[in-house]
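Chains as they are written, first to last, in the working numbering: chain B, 23 to 147; chain Y, 2 to 113; chain X, 20 to 326.
Among the hints, a few may not be true.
What the hints assert, rightly or not - Quick partial rundown of chain X residues pointing at chain B, CB under 7 Å, derived from the structure:
#	residue
1	Gly202
2	Ile227
3	Tyr230
4	Phe288
5	Ala290
6	Asn296
Unchecked claim - Computed footprint of chain X on chain Y; a stretch qualifies when at least three of its residues, placed anywhere within it, have a C-beta under 8 Å from a C-beta of chain X:
#	region
7	28-36
8	43-56
9	75-81
Note that these hints are calculated values from the structure, not bench results.
Every value quoted in this text rests on a predicted model; they were computed, and no experiment measured them.
Quick reminder that beta carbons are idealized off the backbone N, C-alpha and C, glycines included.
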Amino acid sequence: MMTLKEIIVILKAEVVTGADKLNMKIQIGCAADLMSDILAFSSPGALLLTGLTNPQVIRTAEMIDIKAICFVRAKKPDNTITTMADDLNMVLLRTDLPMFESCGRLYKEGIVSIDNLGIDKNGRE
Amino acid sequence: MKLEAIVEKMNMKVVSGSSQLDREVTGGYASDLMSDVIANSKEGDLWVTLQIHQNIVAVAQLKELSGIIIVNNRNIEVETLKKAKEVGLPIMVTELPAFEIIGKLYELGVDR
Amino acid sequence: MAENKKYTKTQELTYELRVKDVMNRTVVAVSPKTTINELREIFRDNRISGTPVEDKGKLIGIISIEDVINCLSEGEMDAIVADKMSTNVEVLRPDEPLVHAVSKFNKSGFGRFPVIERDGGKLAGVITKGDIIKGILEKLEIHYHEEEIQRHRASYIFDDIVADQTTLSFQYNIKSKDFNRAGESSSQLKKALNCLGIQPDLVRRSAIAAYEAEMNIVVFADGGRLSAAVQTSQIKLTASDSGPGIPDIEKAMQPGYSTAPDWVQELGFGAGMGLMNIKNCTDKMDIQSEIGKGTHITAIIYLNNKK
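Turn these sequences into a full structure, and let the hints guide you.
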């Protein structure tokens, strides 16, 4: 469990939007570029790491109650995405690190995936 | 680090290329976007993805990746498996989600 | 008017809340033999400005930063607490309503009161004006939050309308190939279900199913419709289009099977998980499809018993 503030340091990330919500606590991480995977396997309140920057990322996060997203691989989300995220009270971060390095660093610092929590995974067989 | 050592520690199912596990893993790359892997992965990388389409074999060959790990226990397509066996490309399947298998690989020392 | 109402609410809370609800339980009590110099450090280290004095588990006085300042100006920093404390100690009981504490503060002008158990006279905590304000604010926040939820709930619609069967239905038109706006319908649907006060995990499952169905329509068909029919017992989602139809439904249901063009994959969909996701998120699912005519998906989520 750590705050987004700590995550920003670990990932050398910058805040795209939602700077007022950086005290949000994060325990779970999920990483994917395919939204269906996130819809199928993620859990509410997770930090979503993705290299996709299109409106569907925000929509996907909205559906599954994810409030914080970090874009990896030096991607920069555009205004449409930021506005959508603002409307939904989400925090958007971005980092130049690739996906692999981002996940590795967070895992090392204690962020887990849903498997470790024994939570019933939505939609998992 | 040898792919063999990673497979042993990670409890993954090797579904193809089991004779090629002496390959050297020099880094890791995680992506589900083919174009991104083509553009940014490096030779010797172990590729973590949930893609199971036969294109992954071609991409891995093109970029000379050391192997592919399929996450979330996805059932690999028959065509993909056939192609991977033809070219001797190691594909492993794990039931872990991408975030966790990457974390564990990173802990083992696979990083860039 | 709103201000007036809040004022009354605050008064109400001073009767409703007890001293024990707001007091500080971690008390740094000092012994009467402590020197003022030591006391100064205790105050500084604990960031407090006063504390009870205890001797053999019994409260014998109270000492504050003011006493320390007096000693400092008189050059009496080596004096002991016993000689400088106020012995005329007024105390509060844990079960007293806050309003007693408020009036005691007003009358006495003291900054803090020790809180003493009725049985045994043990020191239970210390209460300051700050603790009272914090306690009331916290309580107000909880009340406010509950009111907010209440206001946003329309779930009583089903209780208010008397009928053998009540169905609330909403329908959304989905545009084809409009990838930027794709998902808006599911977003609105999700908000509507939240409004109805449906359990969050069921709303989430409905939203995922609706979203995958909506994406299918956007990607494959020339537009279509998404609708939800909500009853007390279930949500029925329907997604229909007049698109190309699915040639082999059984095959389409297989995880990983996809006919989506590459550009869809690059946008994060079309990995052959959509229909599976709908099936896994709902309790009952049915697909009807005819080549050249269109596809019709219905999915049901039961509201009473969990899947």
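Evaluation of the provided hints:
no. : hint   : verdict
1   : Gly202 : 3 Å, holds
2   : Ile227 : 5 Å, holds
3   : Tyr230 : 5 Å, holds
4   : Phe288 : 6 Å, holds
5   : Ala290 : 5 Å, holds
6   : Asn296 : 5 Å, holds
7   : 28-36  : holds (count 4)
8   : 43-56  : holds (count 4)
9   : 75-81  : holds (count 4)
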